[in-house]
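Student: Each residue of the sequence shown is one higher than the one before, starting from 1 at the first, in this note's numbering.
Pairs of lysine to aspartate or glutamate residues, derived as DMTMM-like cross-links and limited to a Cα-Cα distance of at most 25 Å, are as follows:
id, residue 1, residue 2
1, Lys-75, Glu-146
2, Lys-75, Glu-29
3, Lys-148, Asp-200
4, Lys-75, Asp-30
5, Lys-148, Glu-134
6, Lys-148, Asp-72
7, Lys-148, Glu-168
8, Lys-148, Glu-199
9, Lys-148, Glu-20
10, Lys-75, Glu-145
11, Lys-129, Glu-168
12, Lys-75, Asp-61
13, Lys-148, Glu-175
14, Lys-129, Glu-98
15, Lys-129, Asp-87
16, Lys-129, Glu-20
No lab work stands behind these hints, which were simulated from the structure alone.
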Amino acid sequence: MRAREKKPTPNGLGTRIVTERLLLRPPGEDHGPSVARAIARNAEHLARVSPTTRPSSSLVDVARRVAVDRSDFRKGTGFVFYGFARDSAPGEGELVPEVLAKVALNGVQRGAMQSAYLGYWVDRDHEGKGLAYEAVRAVMRFAFEEAKLHRLQAAIQPWNARSITLAERLGFRHEGIARRYLNVGGGWQDHAIFAFTSEDWTFGPVGG
Numbered sequence: 001m002r003a004r005e006k007k008p009t010p011n012g013l014g015t016r017i018v019t020e021r022l023l024l025r026p027p028g029e030d031h032g033p034s035v036a037r038a039i040a041r042n043a044e045h046l047a048r049v050s051p052t053t054r055p056s057s058s059l060v061d062v063a064r065r066v067a068v069d070r071s072d073f074r075k076g077t078g079f080v081f082y083g084f085a086r087d088s089a090p091g092e093g094e095l096v097p098e099v100l101a102k103v104a105l106n107g108v109q110r111g112a113m114q115s116a117y118l119g120y121w122v123d124r125d126h127e128g129k130g131l132a133y134e135a136v137r138a139v140m141r142f143a144f145e146e147a148k149l150h151r152l153q154a155a156i157q158p159w160n161a162r163s164i165t166l167a168e169r170l171g172f173r174h175e176g177i178a179r180r181y182l183n184v185g186g187g188w189q190d191h192a193i194f195a196f197t198s199e200d201w202t203f204g205p206v207g208g
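Just need the whole structure built from these sequences, with the hints factored in.
Tutor: Structure representation (structure tokens):
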């Protein structure tokens, strides 16, 4: 009988990633109001980059999304991290601070692929401060060293120069243009495909 593939098991919902300015952690059951406020603040931008439908800031919808993300994290089929200011981490029973960033490793595939799709955004009031680079690089370390993935892929619309610059700075290579790749904003949009593999992480530092 063939042995069942053993999946890497990161520290689950207790995972914490601390960077110079951020605390990145999986969604908690009490994160709903903070996440909903972040989505509402960033609704215009997120509508331009989110596939199919505009993200809902309804507390009911957000609670459902958080529950799904927590389940995926436990199963290892997706890893979502929310970023909070490092010096604002709440104590037990205290209010959850404002969400400053989100980094997601979606659609995790094991077997011969060992890959995930990378997505990220930063609160509009904190753009241009290097937080996206800080957050994504930290989650890349988690992806390759903890989750044991081999490949991360990012799909970015060609107009999104800020996001393309970030991918290039992180060391992602441009693999081409995927025509009519995702349904965004009610239509099928072209996306530039960027990728990074574990060999790049192991044998050379990402851009500084």
